[in-house]
Amino acid sequence: MQQISRGPQGASTGRDTKKYVSMRKQPLWLYRSACLLLALSGAMMIFERVNATAYYDTLKLLLGPERVEWVPVKDAAARAIALKKPILLVNMVRNDYYSDRAEWSVIRDGHNADIINQHYVPVRVDGDALNNASLLSPIINELPFTNNYNKGFGMLAIPYKLIGANYRDVMSTDNIFEICNLPNDQVNGDYDFYSSGCAADLSPVSKSFHAFNWSGRVMRRAKFFPALYWFETSGDVSIFLDRAYKWHTGKPYRGTVHWQPETSLTMEASKPKLLTFVPDCGVESDQLRNQLFKDEGATLVNQKFLPVLFDVKRENEELKINRIEERARGDYLDLRKTYKVKQLPAMVIVWPSGQSRVVYCDRGIYNIKEDLSEALQAGPLWESAPEGDTVVKCSHDGLCRIKGHNHFSR
Amino acid sequence: MNKAICATTWREFKANKVRCSILTLLFLLPVAFYTLVRLNWDNAYEVDMISPPIIALAYTLLWSVGVIGREVQNGTIGLVFTRPITIANYVVSKWFAVSFAAAICSVQAGVIEHLISSFYNPSLLFSLEFFSNCCERVFICFGFAAVMVMLSSLVSGMKDIAVLAGFALLWGITNMIGGMLRSDLGIFNQYANVIYPLAGLVDLYNKMMMQAFFPSLSIEPMLDLNFLYLPAILNYGALVTACLASSIFLLNRKEFSYAAD
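Protein chains in written order, with the working numbering: chain A, 1 to 410; chain B, 1 to 261.
You can take every hint at face value.
Listed next, the in silico DSS-like pairs over lysine-lysine satisfying Cα-Cα at most 30 angstroms (straight line):
no.	chain 1	residue 1	chain 2	residue 2
1	A	Lys25	B	Lys3
2	B	Lys254	A	Lys25
3	A	Lys340	A	Lys273
4	A	Lys369	A	Lys294
5	A	Lys271	A	Lys304
6	B	Lys3	B	Lys17
7	A	Lys60	B	Lys207
8	A	Lys337	A	Lys294
9	B	Lys159	A	Lys25
Since the hints were made in silico from the structure, they are not lab data.
Produce the entire structure from the sequences given, and follow the hints as far as they go.
So this is what it looks like as structure tokens:
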């Protein structure tokens, strides 16, 4: 055990100095460590301040090569359409907590990088929204995380068939219900949904639905599906990438309606047929499926109609050239022409007599059940009088008889 | 490190009724606040209601105010050094005693808040957020205690809190100046060449002050093995060693009489 003398400034007290340590003995190793660490820390701080790009490039030398194969924004749409893969739009801004974590470790993580390269066409935006004039511009310019006032980390999966669509469409597609219908143990509840229809199914397992990090680090909304705004671990990002991919490759929601095969169009039936033309993705499709394909809507359709569903492939001017074959299979143009369907989504009621009436969501999708019931009561109706026909007589409720036809038009 | 000095520091705190009362309040106030939130917010049970890690600053402040200065003021430090102990050992023991006690208290408070949340929603029990919150509290306690030990060896009595308040005020003013320099310069636009580099210097100073008074390290990036946070770890290490070294250096330059002032 060390014996310590009490002499001022370590002065000898006459005892063997080898055994005694002065009270004022200076811990030189601590001074040296402090000086070294201070110098290093100060140098790095000044280096970052003077030349930030060189500073981050130097630090990146420690990381090794980038594993994600980023695609330039201008090439992304064409590549996604050609490969039929969703685009993964990643926004990373320097000095943002989640962006830094994502850029420096999470996205470089081997597992995440493999998922991204295998299933997505990855695109970096880096907060530079307005300069990216491409098919993705309508989406990029609406993104909350590229907004000048809210720049930060964000990841958004865009299905290739929604390229050219707007942000609202991307954030709300009907496949979401397929995910919701998974058993609870397969649903990691860290997701928030644009569509209210899914919330009820997920809330029992969702720990952060409408939640924010209470410890004050992040006060943003938790996560919109298919967008990821924050994460705790690298595993959260893996789950997001996996779910977003599954979501975008799943089949559109068909609900609890007893859909008949397309061949039933030619069969005779006692009930009127309901030909439902719905786009296979997009916000209107999502809302209609949410309103009509389950609960009361499904009961109404099952009781009153013989329903046939036509999942119409989304029309997109930019994609026409690339999708001629696909469109021929999935747009039902002839059928839509026969029944004079002008816009989607639309429902055609075909009575056993062969007469028909088209019902659109003119009063909003939330009134579609009432619209269908009223249309069924009102009977067959032309949407408009054919050109050159003469109106013969109009009734008090606005229905007019047209010369040469037994039908009425409004 | 000397166990006797640690034990004395803790015993001294226990004997101080004012500090014990404030410590009790620090435990109870967040619990009471979150209870009120639970009563008035429907989604409260879905969230882990733990105070932010910055609360650890309050615990550290409570434990470390005048930790060395008071002994210098009332002369007991002279008596301490009648024992076979070096100043370095004394400073490190004091630092460890206050930071360890503050860390225990703040983590304990966090655990209580977390257990209440978990009682209502058991799925929150093993959340990473809670783990990282506790770790950050520990880092803050050990980092800020080093700053307080340094200030306490600089002045006698409890004047260290006044020095701290002075620095905080200065920091507030420089932050304000930094904000003004970065905003639209208006009629001073012609001097932008001079003003913008000045704003950079003020920012650098503010960053250093931030590191000094809020020495925190995030856990999640460390779990990611993120090299970007290497400078943050370096800064933290530099702060703790520099504060302890300067504290030892300052005390070595002092004569310990029976009453300093």
